[in-house]
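Visitor: Here is how the chains run, residue by residue.
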Amino acid sequence: MASHRSAVLTDQPYTDPNPLPSSVPHVDELGATSAPLKSASFFIGQYCKDVNEDFMLCKQENRDPAHCLKEGRKVTRCAAEVIGKLRENCLAEFDAHWQCLEKNNQYFQACRKPEKILNQCVFSKLNISKTIPGSPQGQPQIHEKKSPIFTRVQK
Amino acid sequence: MSHGFKQDMPPSGGYETIRYKRNLPLRGPSGAMIFGGVAAICAFGFWRLGAANVEKRELKREKAWSRIYLVPLILAEQDRDAYRRSQAALAREKEIMSDYPGWEVGKSSYNSSRYTPSTIVVL
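Residue numbers (the UniProt record's numbering), protein chains in the order written: chain A, 1 to 155; chain B, 1 to 123.
A couple of the hints might just be wrong.
[What the hints assert, rightly or not] With a straight-line Cα cutoff of 20 Å, these simulated SDA-like cross-link-like pairs (lysine to any residue) come out:
1. K116/A with L59/B
2. K125/A with S135/A
3. K63/B with Q99/A
4. K63/B with R152/A
5. K59/A with E77/B
6. K63/B with T151/A
7. K60/B with P148/A
8. K116/A with D95/A
9. K145/A with S135/A
10. K146/A with R112/A
11. K74/A with D64/A
12. K59/A with W65/B
13. K60/B with Q141/A
14. K146/A with Q120/A
15. K74/A with A32/A
Everything labelled a hint here was simulated from the structure, so no lab data went into it. Keep in mind that this is a model prediction, so the values were computed, not measured.
Just chain B, with the same shape it has in the complex:
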């Protein structure tokens, strides 16, 4: 059976299989992974913020108490100075007003026994 033609036939072993399935490159971590990661970072951040707030409060407490403990000391020193100055002011007043009989040295302008600091400041 020879008529000069050679029939076109599939290659030996057959054609390659047709790749009909989707073949997309990997697009990175999944949405759930990213969401979870962001949530984890946020959770850590808020936890850290809370811890820092607590610590800041304690630092404030420490500072406040260190000042409270120094109050009597500083107040005592200040009081001595205030007393010294007020005594000097009274002596000065006595000397200045010595020509005016009936002048009461250091008489308060308030009708009260409560301590009222002098309104005159000697600089």
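Just chain A, same shape as in the assembly:
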């Protein structure tokens, strides 16, 4: 089979240069790396719950990528909105937390101090609080624990 690929050796992996068909509205990709995403994940999950669930239910209907493009755009726009709001209101706290994650193997337990400040800021400015579904009732959640055993260094 003939290859469409020109006989040029590059050190970059090949990416298909073709653009999305114009029938699909444009949406800016988020472009955030893993640490900021991980730092913002619980806020994205809380804030975009409806859109995300809509998208996942749509995917459950049909796994075809073409089937849920509309819902997918909403998901991306919502996440971009959350990241934008975070950066607008709590830029210093957000940066401190995700850079801490970056430096500590992305362990949440290593970055409780910046996380606490970030959570407080986000709660006061955006009214989103971090909750972990399925945590045991009646006791503080893992990120609110007073003296945890696992921190940056195991105690």
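We have chain A; now place chain B onto it with these hints.
Guide: Relative to chain A, chain B alone:
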């Protein structure tokens, strides 16, 4: 009554009492103390282990949920890319097979309406 002898008599005040009782130096804490101490240390260790296991479970839960919350976002991005590539592949196929009348572009090799990802990966 003097005959040149002086009778040997006990010292004035009498002899010292004979120490016949066992006099052993102190041998450290008793067996019960050591046993109790070891048991206490073990109990603390097991309690701490249990607490750490519970905490580890919660940390795993936290990590799992942080990933679950990012799934739609990443899947949506991936889907757009997959759609873009598949559309490009179809256009390519159409152009390549334009000389063959009756060729159905993008026809699935499966007799099913279920979505089946393409088995050909364009690198």
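Visitor: What hint numbers does the structure not satisfy?
Guide: 2
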